[in-house]
Each structure stands twice: as structure tokens, then as C-alpha cells.
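*Asks:* Each chain, written out:
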Amino acid sequence: MYFRILAKDHVSTFVEGLAHVYEVFAPVKNESGFSFEQVSDGSSIVLDYPMTIIPPKKYFVRSKESLFRYDTHSGDVVESELEVTPRVLFGVHACDINALLMTDKVFLGDYEDPYYKARREHTLIVGVSCMPVLTCMCDTWGTGEVQQGCDLFLTDLGDRYFVTCHSVEGAHVLDTFADTHEATAEDTKALEEHLRAFREAFSRPVDATSLQLLFDAKYNDELWEEIGEACLSCGACSAVCPTCYCFDVNDELDADGNAGARVRCWDSCMNSQFAEVAGGHDFRPTRASRVRYRFYHKFWSYPARYGKTLCVGCGRCDVACKVNINPRRIIGALQEGARS
Amino acid sequence: MKPRAVILSLSSDYGCQVQMSNFPELLEMLSTFELGYWQLVSSGDMPQDYDVAIIEGAVTTDEQVALLEKVRSIASCVIAIGACAVTGGVPALASGGPVRGQLKDVYGSGSSKVGIGARKPEPIKHYIEVDFSIPGCPIEPAELSRTLQRALRALTDNPERQSMCGECKTAENICMWTQNVPCLGLIARSGCNAKCVSRGRACTACRGIAHDANLASAFAFADSMGCPPEEFDALLKIYNAMSDQELRKEAVGKIAAQEVAS
Ligand code: SF4
Ligand code: SF4
Chain A
1 MYFRILAKDH VSTFVEGLAH VYEVFAPVKN ESGFSFEQVS DGSSIVLDYP
51 MTIIPPKKYF VRSKESLFRY DTHSGDVVES ELEVTPRVLF GVHACDINAL
101 LMTDKVFLGD YEDPYYKARR EHTLIVGVSC MPVLTCMCDT WGTGEVQQGC
151 DLFLTDLGDR YFVTCHSVEG AHVLDTFADT HEATAEDTKA LEEHLRAFRE
201 AFSRPVDATS LQLLFDAKYN DELWEEIGEA CLSCGACSAV CPTCYCFDVN
251 DELDADGNAG ARVRCWDSCM NSQFAEVAGG HDFRPTRASR VRYRFYHKFW
301 SYPARYGKTL CVGCGRCDVA CKVNINPRRI IGALQEGARS
Chain B
341 MKPRAVILSL SSDYGCQVQM SNFPELLEML STFELGYWQL VSSGDMPQDY
391 DVAIIEGAVT TDEQVALLEK VRSIASCVIA IGACAVTGGV PALASGGPVR
441 GQLKDVYGSG SSKVGIGARK PEPIKHYIEV DFSIPGCPIE PAELSRTLQR
491 ALRALTDNPE RQSMCGECKT AENICMWTQN VPCLGLIARS GCNAKCVSRG
541 RACTACRGIA HDANLASAFA FADSMGCPPE EFDALLKIYN AMSDQELRKE
591 AVGKIAAQEV AS
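Respectively, the protein sequence lines represent chains A and B. The first sequence begins at 1 in my numbering and counts up one residue at a time. The second sequence begins at 341 in my numbering and counts up one residue at a time.
Looking at chain A on its own, in the form it has when it is part of the complex:
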């Protein structure tokens, strides 16, 4: 149990101190909204942001990355592209931290992914509290708080943060780079108030009781046809989703053809190519089957395997989808039908 108080005035210096030793990535504001970017100037970061367009998953499984290069004549791997530098992700919301714990199950489970693993091991995570916006539903999944998965967590108390330490390295960087002081009874009171305000700020509760059962029973529901008719198959939902991790692997040859790179890039199960196999058979040829698959993966098969829903309720898909396809609506629609 180690906690300290960090005045907001001192956050900049803390970040700049970290930036001497680590690459620091934090939310910044730009024309598009908020995104995680590399920062060196502590004053450029914004910690009270609603959500970034793309979650921090982009630092662990890159949207496009070369895994290794090879010689096309000998067939030998010539360079591995795995390079890791010690990093800090500063200002990550609880939902996004919980999402990384879910992708950990996949990339650090039976088949360890060396790229993901190395980056995960070399990255410190500093979480920050937030207040829900309309699209948030972490209250449904209990992903609005962090029990593990970060090194430090900052809870906003107005002019200061209540900093909890979750790892030795977290405590170490806090003591080395941040000017903090001990928490007083008043700080603890303010923390309680923050937690109450956070709980009370959710205005659109979703009842997820027996969800998996409902999904089980509704596999052939006409709902999926209806949703499939609207879906644009654009993959925006999976691109912005912190818990969507599917990727594709391609070989890209250099212009002279002498060498090439094996490239991994994000893929989406909404894409018609996704479930097509050699010979041309397609396991999910219709839009309806693809949309359905995405939701069954999140609410049926991942929980069946790992005991948790593969959604942290960040609401990004709700913002990104043009045709209003998102977990809140799907769950609502499944339950509506159940009552009628």
C-alpha cells in the first residue's frame, strides 16, 4: 500500500523527468480530438480527456509493422525488426488498462507473441481517472477501475492527484521524478467524493445479466439480418476497439524484389476477406454473419474461454459506427426480443 499526493502543477515536471529516461506517450489534443503521441514537453499533455480515437493497443500491436525482413534468393531471415525501448504510457484510462489485460490473455497465453511481449515488458503504465461520457459503459463490465495492469494510477482530486502505486518500478519512478507529499485525511475524503461522483455519473445503465445465455439462444435471431443490412463492413468498430486484436500477415517485397518484409497489420472480422480460406471457401460470406461473429466473439466465445466479456465499455465503437451498431444497442435489442 503506497500512495502519495501529486499536485497538478507538478505533473509537467514529472513527465519531463520520465522523458529523460523513457519514451513517454500521453494524450494530446489535436484537430481530430485526442490521441496518444510521444511527448517530451509535459505541458502538451491533456489528462482530462474523454477518449482517444485509437486506444493504446497501437503501441503493442501496431496497425502495421514489419516483423522481419528476408532475402528472396536464399530465403533467409536477414533482420528481425523487434526493437524495444523503455517506455511510459502516461494517462491511460481504466478501461484501456483492462483491455490490455484481455489482449494479454491472447498474446501471452498458449502462443506467446514475442513482439507484444517485449513491448509489454518494457512499458510502464500510468493510469488516470476519468468521468464517463454518454457512450461509456464500463459500469456494466466493472472495467472502470483498475486492480492490476498498471504501475501507477492517478485519481483526479481537482487540483491534485491521488497516486496509487501498483508496482515497485512505479513507486521508484514516482519517488525519483515526481514531487509528491503524503496524503492527509482531507485527501482521502476528496478521494471518496471523487469515487461517489464517478459512480453517480453513469446515466444509461445496461443490464448484462445472463448475457451469454441470451446470445446462446439468439444465434439465429432475425436481429442479425437486420443489423447486417445496415453494416457498412468498414471495420471502423474493430480499428478503434481496445479489445479487438485480429491481424493479417502479408509479404511485401521491395521494389527491386531482392528482399522483402513480413508485415503484420490490423485486420477486421467485418472484412469479407477475413474468413476466406484457400480454395475460396468463405466461412462468413454475408454481412449479417460477420457482424454476428464480432459480437459472439466478444460476448460468447471469449467469455467461454477466459471468463470475461471481451468488451471494456469504452464506447469507441459507439462513436465510430455510422449506423449505430454497438454493444449497448445489441444487448438492448436481444433483451427486447426476449421480453416480447
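Warning: the hint list may mix true and false statements.
[Said to hold, decoys possible] Simulated pairs of lysine-lysine, DSS-like, Cα-Cα distance not exceeding 25 Å:
#, chain 1, residue 1, chain 2, residue 2
1, A, K64, A, K117
2, A, K308, A, K218
3, A, K58, B, K535
4, B, K577, B, K465
5, A, K117, A, K308
6, B, K535, A, K64
7, B, K577, B, K444
8, A, K29, B, K535
9, A, K308, A, K298
[To be verified] Below, a sample of chain A positions facing chain B; criterion: calculated Cβ distance under 7 Å:
#, residue
10, S32
11, C234
12, E252
[Stated by the list, open to error] Simulated coverage check for chain B against chain A, where a stretch passes if three residues somewhere in it have a Cβ under 8 Å from a Cβ of chain A:
#, segment
13, 368 to 374
14, 502 to 510
15, 514 to 526
16, 553 to 559
Bear in mind the hints are in silico, worked out from the structure with no lab data behind them. A virtual CB, placed ideally from N, CA and C, is assigned to each residue, including glycine.
Add chain B with the ligands to chain A, keeping to what the hints say.
*Replies:* Frame of chain A, contents of chain B with the ligands only:
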């Protein structure tokens, strides 16, 4: 022996060829071929024999049709490059009415002296079989280089199927529609990293309509955002006048019918 290639152009502004000449790895790319002819830079004639034909531009004259047929009979691999060649592009905007009438609109009384052998503009694939298509206005030269490598290894074309929105989100752009700017990313073929939107301009679907596009739903969405079907279709026509005509008509008709019903 290296495969022999030719690069030729039909009706276009040569932008894709210029774009190729800007490619930093142009020399590496060309080193894998014996380049017998490049219309933009060659002063001589086309060789009699070659293996690969890279063709830019839309088909707009009888003469070009004859040329295409000849090229197809010689080349074992035909690669269409650029919006004009792949979808008909901007030239295909003139495909809506009779060619003679359009020439008259532009040239007035002298129109009978111009446009001899002119036809309604069409993409190359309407006349000959195309092995690979590199879409875009202009093309991404790296995509051409990767495709040439596929062609050399006797692989087949492997175009992106998904529409642009996912790629645009990955580029962390703000959606144009949230700023009340109609954007064709909803249905445009991905693969350019959402270049235009990343620079603050709406997508014009210069890469064509995505294989996975859901036109009916996109038209309905546009309509709900205050961009009526005719307007959305007009935007789409800039590069895709000849693509998915039936589906487009259907989408427009469906919304009109819904409006009558309500
Ligand atoms: S499904 Fe939607 S709400 Fe759930 S984690 Fe993914 S983007 Fe967030
Ligand atoms: S659900 Fe929405 S965001 Fe996802 S592919 Fe379909 S239209 Fe795109």
C-alpha cells in the same frame, strides 16, 4: 532474361506516369524489368513484343480499342493503373449521354471536325481482360511496385476489399461527417491510409467502390445526415460514374420510395 515491359497511356492527364517518375524507388522497380517503352519519356515506337503492359487512362476512342486488343494479344500480363484505367475515372463523367451531343456542347458548330472515332469513356476492363488493377488518382507507386513483384511471381491480384472508414480511424482522423462534410470513405476502397481525410479533405473514392461496400446503407446514412441521394451520387460519379450503376440506382430509388411512403 528479364521480363519485358511497356508503359502506355490512353485518355488521362498522365498524372499516374508522373507519379511513377516521382517514386523514390523507381530505378529499383524498373531494374526488375527490361523497359521497352514508356510513353511519357520514350521518343521511339512501341516494341513488337513484350510480356507486361502497364496501361494508364480511360478508353475514349476506336483507335484505343484497337490498340488495347493488340496489346492484350501480345502481353501475358496487363496491369491497369489509375482511376481512369480502372473505373473510367473523371473521363467517365462524360459517359452519361451521347458523345456527339457532348462534343457539340463543348465545341459548338465546329464539333463535327473533332472527336473522330470518339466513344463514350470506359475503363479498360470493359474491353479486355485485366490481370491487376492499381486504383487511385494518382496511384500509390509502392502499390504498383508490390503488384509488379506479384506479377513476376505469377501471383494473382489481391486488392483491398474493405471500405475506407476503418483505415481512416486507424489514421486517427476526425470523421468528416461529424463536421457536416459528406465523405465517400463510407464506401471507398481502402488502401491509401486515408490520405485525403488525413489532410482535411473528404474522400472522393478515387480508388473506386470497395468490394465490401454497402451502398444502400451508405446512401441511407448520407440522407439522414442531410446529403440527399442525388447529391451523394453526384459526388460518387466524379470517379465512379460507371461503377455499380445498378446498385446505385437501387439505393437512390429505395430512399425515394421510403420518402414517398412516409
Ligand atoms: S466493443 Fe466497443 S465499447 Fe467494447 S471495448 Fe470495443 S470499442 Fe469499446
Ligand atoms: S458495425 Fe459499424 S463500424 Fe463496424 S463495420 Fe459495421 S458499419 Fe462499420
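*Asks:* Would you mind marking each hint as holding or not holding in the structure?
*Replies:* Consistency of the hints with the structure:
| no. | hint | in the structure |
| --- | --- | --- |
| 1 | A:K64 to A:K117 | holds (17 Å) |
| 2 | A:K308 to A:K218 | holds (20 Å) |
| 3 | A:K58 to B:K535 | holds (19 Å) |
| 4 | B:K577 to B:K465 | holds (18 Å) |
| 5 | A:K117 to A:K308 | holds (21 Å) |
| 6 | B:K535 to A:K64 | holds (16 Å) |
| 7 | B:K577 to B:K444 | holds (22 Å) |
| 8 | A:K29 to B:K535 | holds (20 Å) |
| 9 | A:K308 to A:K298 | holds (9 Å) |
| 10 | S32 | holds (4 Å) |
| 11 | C234 | holds (4 Å) |
| 12 | E252 | holds (6 Å) |
| 13 | 368 to 374 | holds (count 4) |
| 14 | 502 to 510 | holds (count 9) |
| 15 | 514 to 526 | holds (count 5) |
| 16 | 553 to 559 | holds (count 5) |
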